[in-house]
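Undergrad: Take a look at the letters that make up each chain.
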Amino acid sequence: MDSITEKIKRQSESTRKDRFGRTLSWTALTFIVLVVALIFAFVLSRGLNTFIANKVSVTDFLFGTTWNPSVVNPKTHQPFVGALPMIMGSFLVTFLSAIVATPFAIGTALFMTEIAKKRGAKIMQPIVELLVGIPSVVYGFIGLTVIVPFMRGVVGGSGFGILSGTIVLFVMILPTVTSMTVDTLKSVPRHYRESALAIGATRWQMIYKVILRAATPGILTAVVFGMARAFGEALAVQMVIGNAALMPTGLTTPASTLTSVLTMGIGNTVMGSLQNNVLWTLAMILLLMSLVFNLIIRMIGSKGELK
Amino acid sequence: MPKMHRGRTIFAGILVVLALLIGTAYLTRDKTSSSVSITAVGSTALQPLVEAAGEDYARDNAGVFVNVQGGGTGTGLSQVAQGAVDLGNSDLFAAEKKGIKAQDLVDHQVAVVGITPILNKGLNIHDLTSKQLQDIFTGKVTNWKELNGPDQEIVVINRAAGSGTRAAFEKWGLDGAKSLEAQEQDSSGMVRSIVSSTPGAISYVAFAYGNSSVTSPAINGVAAKDENVKNGTYPIWSYEHIYTKGKPNQAVQGFLDYLMSHQVQSKLVPKLGYISIHDMDIKRSMDGQITANS
Amino acid sequence: MNAKLADKIATTVIYVIAGMVALVLFSMLGFILVQGLPHLSWHFLTSPALSFEAGGGIGIQLFNSFYLLVLAMVISFPIALGAAIYLNEYAKKSVWTNIIRTAIEILSSLPSVVVGLFGFLLFVVQFKFGFSILSGAIALSIFNLPLLTRSIETSLAQIPYLQREAGAALGLSRWETVLHVVLPAAVPSIVTGVVLSAGRVFGEAAALIFTAGQSAPALNFMDWNPFNISSPLSPMRPAETLAVHIWKINSEGIMPDLNLVSAGASAVLIIVVLIFNFSARKLGMKLFKKLTSS
Amino acid sequence: MTNPNIDLKPLSEFIVDEAPERYIYDMNSGKHEVAIATKGLQVRYGDKLALSEGDLSFERYKITSLIGASGSGKSTFLRSLNRMNDDVATVSGKIMYRGLDINSADIDVYEMRRHIGMVFQRPNPFAKSIYDNITFALTQRGRYTKEQLDEIVETSLKQAALWDQVKDELNKSALALSGGQAQRLVIARALALKPDILLLDEPSSALDPISSAQVEDTLLELKKDYTIIIVTHNMQQAARISDYTAFFHMGRAIEYDLTRKIFTRPKVALTNDYISGNFG
Chain W
1 MDSITEKIKR
11 QSESTRKDRF
21 GRTLSWTALT
31 FIVLVVALIF
41 AFVLSRGLNT
51 FIANKVSVTD
61 FLFGTTWNPS
71 VVNPKTHQPF
81 VGALPMIMGS
91 FLVTFLSAIV
101 ATPFAIGTAL
111 FMTEIAKKRG
121 AKIMQPIVEL
131 LVGIPSVVYG
141 FIGLTVIVPF
151 MRGVVGGSGF
161 GILSGTIVLF
171 VMILPTVTSM
181 TVDTLKSVPR
191 HYRESALAIG
201 ATRWQMIYKV
211 ILRAATPGIL
221 TAVVFGMARA
231 FGEALAVQMV
241 IGNAALMPTG
251 LTTPASTLTS
261 VLTMGIGNTV
271 MGSLQNNVLW
281 TLAMILLLMS
291 LVFNLIIRMI
301 GSKGELK
Chain H
1 MPKMHRGRTI
11 FAGILVVLAL
21 LIGTAYLTRD
31 KTSSSVSITA
41 VGSTALQPLV
51 EAAGEDYARD
61 NAGVFVNVQG
71 GGTGTGLSQV
81 AQGAVDLGNS
91 DLFAAEKKGI
101 KAQDLVDHQV
111 AVVGITPILN
121 KGLNIHDLTS
131 KQLQDIFTGK
141 VTNWKELNGP
151 DQEIVVINRA
161 AGSGTRAAFE
171 KWGLDGAKSL
181 EAQEQDSSGM
191 VRSIVSSTPG
201 AISYVAFAYG
211 NSSVTSPAIN
221 GVAAKDENVK
231 NGTYPIWSYE
241 HIYTKGKPNQ
251 AVQGFLDYLM
261 SHQVQSKLVP
271 KLGYISIHDM
281 DIKRSMDGQI
291 TANS
Chain D
1 MNAKLADKIA
11 TTVIYVIAGM
21 VALVLFSMLG
31 FILVQGLPHL
41 SWHFLTSPAL
51 SFEAGGGIGI
61 QLFNSFYLLV
71 LAMVISFPIA
81 LGAAIYLNEY
91 AKKSVWTNII
101 RTAIEILSSL
111 PSVVVGLFGF
121 LLFVVQFKFG
131 FSILSGAIAL
141 SIFNLPLLTR
151 SIETSLAQIP
161 YLQREAGAAL
171 GLSRWETVLH
181 VVLPAAVPSI
191 VTGVVLSAGR
201 VFGEAAALIF
211 TAGQSAPALN
221 FMDWNPFNIS
231 SPLSPMRPAE
241 TLAVHIWKIN
251 SEGIMPDLNL
261 VSAGASAVLI
271 IVVLIFNFSA
281 RKLGMKLFKK
291 LTSS
Chain A
1 MTNPNIDLKP
11 LSEFIVDEAP
21 ERYIYDMNSG
31 KHEVAIATKG
41 LQVRYGDKLA
51 LSEGDLSFER
61 YKITSLIGAS
71 GSGKSTFLRS
81 LNRMNDDVAT
91 VSGKIMYRGL
101 DINSADIDVY
111 EMRRHIGMVF
121 QRPNPFAKSI
131 YDNITFALTQ
141 RGRYTKEQLD
151 EIVETSLKQA
161 ALWDQVKDEL
171 NKSALALSGG
181 QAQRLVIARA
191 LALKPDILLL
201 DEPSSALDPI
211 SSAQVEDTLL
221 ELKKDYTIII
231 VTHNMQQAAR
241 ISDYTAFFHM
251 GRAIEYDLTR
261 KIFTRPKVAL
271 TNDYISGNFG
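Chains as they are written, first to last, in our numbering: chain W, 1 to 307; chain H, 1 to 294; chain D, 1 to 294; chain A, 1 to 280.
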C-alpha cells in the first residue's frame, strides 16, 4: 500500500494540534464571554430590583428631578429617586467635552500626519500615548488643585461644576480621540493625496476636501469612542463636579453625574436596600449607554465600509 | 536536538522547579502562628483607629492578624450582618441604617467623635444658634446678611448622602431636619479645603479635621471642644460603633478588649482626634436620652 | 490667491492647535513632576506609610502595585491571548461573533467601580477570598481582559493573511502557523499593547478599593514564603496599591503631610507609567529585530 | 478572504449564457500517468458560483498552465486542488489523488498539503531567517539532525537556484531578500517538504522580467521530479514552459490540450479570441 495515501488518511499531528489550539482558544473566549454575561446579569438583576422589588415607576426614575432616595415623597409614598439630574449631568459633560475635544484632536492629528510628520512622530506621538495611560486619579488630582481654583477665580462660586468637569474630561479624552484620529488619517490611501495635489490643490484644499472627507467615519468613531470613555469616567469627574444631585442650572454650579453618585454612595448604602438598588440602576444605565455608544460606532463603521 | 524539544524541556524544567519551590514553601511555612485573621470593614472615619490599634495588637499577639478595610458604614453593617466579616465599623447605630436587621448585631462603642460646623474665615462669624444652623442647612436663609454677617451668599457643602458624619450632623445639629440638596463631597479633607477657599461656604467635619484654615463657630455659645462633648453641653457628636454578629469569639473579643483598654483609649484615641469613651461624663441613647455615665 | 491664503491660515491654525495641545500636555506632566519630585527620596520610596504622622512613605504600596500587576497579567494575558487568537483566526464572521465583540467592548467601557463591586461580592464575599491580592488580581484581570484582548487582536490582524496562507500551503495547521509564524511576527506590537495596558492596570484604583482593600499591613521582607500571611508574596493578604493610596489620602487622610505624600505618589505613578511607555517602544523594536532575523 | 481578482457573478448569469463548445484533452486515451484529477468540481463563495465546470486530469512530471481572464475561475480551481479554499468557499466534487478523493472529510488536509504544495502570487516568506524558513515546516513534524537539515536546506535552495546567492547569509532575515529571491525562497521552502505536486498561483506576476525568467528556469529544472500546475496571466510564459494548457472562461474549463496545440490551433473559438488578444 502506498505510504503517502496511508499518511493522508491517518490523522496527522497538525490536526491534533489544531484541534487542541482551537479548543484552548475557544475556552479562553468562552471564559471572557461568561465573565461579561455574569457582570451583565449581576448589574441587571440588581438594577432592575428598583423597579421590581421596590416598585419604583420607570418614568419617575428617568424623568423625576429630585434625587434623595432616603426621603419618602409624602404625596406618592415613594422615595425621591428622580435620576434626571444625573442623566443630564452625564450627558452635558460628555457632549461638551467631546465638542471641545474634537477640533483639538483633529488639528493635532492633522499636524501629526499631514503638516509636520517628523516632529509629530517624534514629539507628539509619545506624549499622546503617554497621556492615554495616565491614571484618572491623577487627572482628578490636577483638576482639584489647578482647574477648580482657576474656575473659582474666573467665574466665581465654588469652582466645582459642569465646566470644571468638562475641562478635566476634555484633557482625558483628547489623547484617545487624537490617537484614533491619527490612525484614521494614516489609513487614507496615499493616492488620494497625490491625485489631489496633482490637480493643483493646495495642501489645505487637499486636507479639507479629500482627506477629512474620506476620514469622516473614522473621526466620528473616534469621537464617539471618546464620548463613551467620558461617560463612564468616575473618579476624576467626581473630584471636580461638585456632586450636587440637582438639575443643572448653569455650567458653573455644582452638578453630578451617574458615575459620581454611584461611586460616592455605594459604600454608604446597605446591600439590598432601595438606596443601594437605585445605585445599581444607575450602573445599569451606564451599561446600556455604553451599549448604545458601541452600536453607534458599529453603525458608523459599517456606513464607512459601504463607501 | 531540535529546537522545539529544547524549548519544551526548558519549560518542563521550569515547571518542576516551580512545583518544588512551592512544595518546600508549603512545608516550611510558619506553623507556629495558628494565624487568626480578624477582618473589620466599614466606616472610613473609624478605619485609621482600628487599623492603628490592629497593628499594635498584632505585634503583641503573634499569629493574630487584623485586616481593616474601609468601604463605608453601609458596607460594614451589611457585611457583618451577613457574617462575611468579623467586625463592622459604623458611624451610626445599626438600627438607624435602613435595611439592617439590628437585633442580630452586638454594639461595641469604642470612641466618640465630635462634629463641628466649619465656616469660611472671611465671614468672621464665630457664633451660631441651633436655629440658625437649621435655617442655613434647610435653605431658609440664603444670605449671610440675614444672620448679621456680610452680604454674601451662603454656599452649603454637604457630606455624601448616607455618610455617618452627615447623618450625625443632621440628627444632632439640625434636630433631625434633612439638609437641602446641595454640593456633596465624599471626604473631610476636601470639604475643609473647599470651605477654606470658597467665600460664604459652610460645612461640617469631625473635630480632627478642623484647623486654623476655617472657623469653628460655637453652637448656642458652647465651643466645639472635647470637654464640652464630654460633659454633655455640646450636642453634635456621635459614637463610633464596632458591631459583631452575635457574641464575638475569643480572638475577636480579645481585640475588642484591647480597643477598650487604657493603652488605646488614652493614647491612640486622642492622638487620632477621637474622644475616649472612658472620658465621657454622659451616655446618650439612640433617641437622644442622656444619662450620667457610671 | 484665495486658496493660497486659506491654506496659510489653515496651516497656522493647525500649528496653533497642536502647539496648544502640546503645551497643555507638557504642563500637566510638568505640574505633576514639579509638585512631586521634591518629595521623592529613597526613604519615601521604601518606608511604609504612616496613617496619622508625617514622614510616611509608599514602599509597601509600590511593592503591592507591582505584585498585583504581575499577578493580573499572569492571569489575564493567557486568556486574552487565547480569546484574541480565536476571534482573529478561527471565528467566522457571524452574528454571534459580532455580539461577542460588542459585549467585550461594552465590558471595556464599563466604569471600573462596577467591576470592583462585582469582584467584591463574588470573590471577597462569596468565594471567601477576603480583601486580598488574589481578589484584587482577579478584579484587575476582568478590568484588563477586554482591553488586552482588543489590543492583541489588532496586533494579530496586522500580520498579513499571506503568512497564514504560506503556513497552510506547507501543511501546517492554523494553530501551528499562528503559534510559530503569526505570533512571533506580532510579538513586538503585542508587547507594546501589553505594556501600555500594564500602565492602565498600574493606575487603576476604583476596581481595587473593594477587592484588594485599602490597607497595607506591614510586611516582613525577610520572609518570601507565600504561605505566610506577612510574606510579601502571600496572595491572601490585603494590599493597598499606589493609586488606591492616592485616592484614600486625598479623601480621608489625616496625616499632616498629606499633600506632599499625595503629590509624591502621583509623581511616582506618572514616572512608572512613563517608564512603561518608553520601555514598550524600545522593547517592541528590539524584539522585532531579534525575532525577524537570526 | 475572497480573492479580489475573482469577479463574482451569480449562477444565473452563467446559465443564461449559451454554453459554448468545449474541448477537453482525454488523459485516459494515451499512456499518461495521471498525478491528480478533478471530477465535477464546483466552487461557491456564499451563494455565488465561481467555478462550475472543471473536470481536468494532470499528467505526472509535466507542467500544466491554467490561463484565462481575471475572474475566469482558474485561481479558484488551483486553490481548490489542495483545499486552500476550504475556509472561504464550498467546494463540491471529487479531487482524485493516488486513488483517493482528497476532497472528503476523512482526509487529513494538513498531511495532504505536504504532498501537494503551493506557491502564491506575492512572495510570502516568514519573518524568520532564510534557514528557518526552509526547515520550519519540517521540524514541526519530525526529528531531524542538524546535518540532515543543513543538507535539505542546501538541496532545496539549489533546486530553486538561490543557493549561490544566499549560502553565506542563511541566518539573515528572509524579509531582506529581493522579490525574485524571496519568491525562489518560497519555492525552496515548498520543495523542502518533497511534495508530489507543486501548485503555483501566478508565481512571477509580481516580479521583474529577470527574476521572472529565473523562476521559469527553476520550474523547467524541477519538472524532472515534480508535477507542476501553474496559473499565469502571461501567455508567453505558458507557451514557453508548459506541456499542457487549460483555458478557463467564466468559471468553466473551456479548452484543455497540449500547449503547442492550444497556441497554434485552438479548437474553441473563445480560446482563439483570448490567445490572440481579442479580449481579457
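For the record, the hints were derived by calculation from the structure and aren't laboratory data. Among these hints, one or two may not hold up.
[As the list claims (entries may be wrong)] Taking CB as the label site, the calculated pair distances span:
| # | chain 1 | residue 1 | chain 2 | residue 2 | range |
| --- | --- | --- | --- | --- | --- |
| 1 | H | ASN293 | W | PHE95 | 52 to 60 Å |
| 2 | W | PHE31 | H | LEU15 | 20 to 28 Å |
| 3 | H | LYS131 | W | GLY272 | 34 to 42 Å |
| 4 | H | TYR26 | D | SER41 | 32 to 40 Å |
| 5 | D | THR154 | W | LEU24 | 14 to 22 Å |
| 6 | W | ARG298 | A | THR90 | 22 to 30 Å |
| 7 | H | ASP287 | D | PRO38 | 46 to 54 Å |
| 8 | H | LEU180 | D | LYS282 | 31 to 39 Å |
| 9 | W | LYS303 | D | GLY55 | 57 to 65 Å |
Just so you know, these numbers come straight off a predicted model, no measurement behind them. We put the CB at the ideal spot given by N, CA and C, even for glycine.
Undergrad: Indicate, hint by hint, whether the structure satisfies it.
TA: The hints, checked one at a time:
no. : hint                               : in the structure
1   : H:ASN293 with W:PHE95: 52 to 60 Å  : 58 Å, holds
2   : W:PHE31 with H:LEU15: 20 to 28 Å   : 22 Å, holds
3   : H:LYS131 with W:GLY272: 34 to 42 Å : 38 Å, holds
4   : H:TYR26 with D:SER41: 32 to 40 Å   : 38 Å, holds
5   : D:THR154 with W:LEU24: 14 to 22 Å  : 21 Å, holds
6   : W:ARG298 with A:THR90: 22 to 30 Å  : 28 Å, holds
7   : H:ASP287 with D:PRO38: 46 to 54 Å  : 53 Å, holds
8   : H:LEU180 with D:LYS282: 31 to 39 Å : 56 Å, violated
9   : W:LYS303 with D:GLY55: 57 to 65 Å  : 60 Å, holds
The structure shown violates just one earlier hint, number 8.
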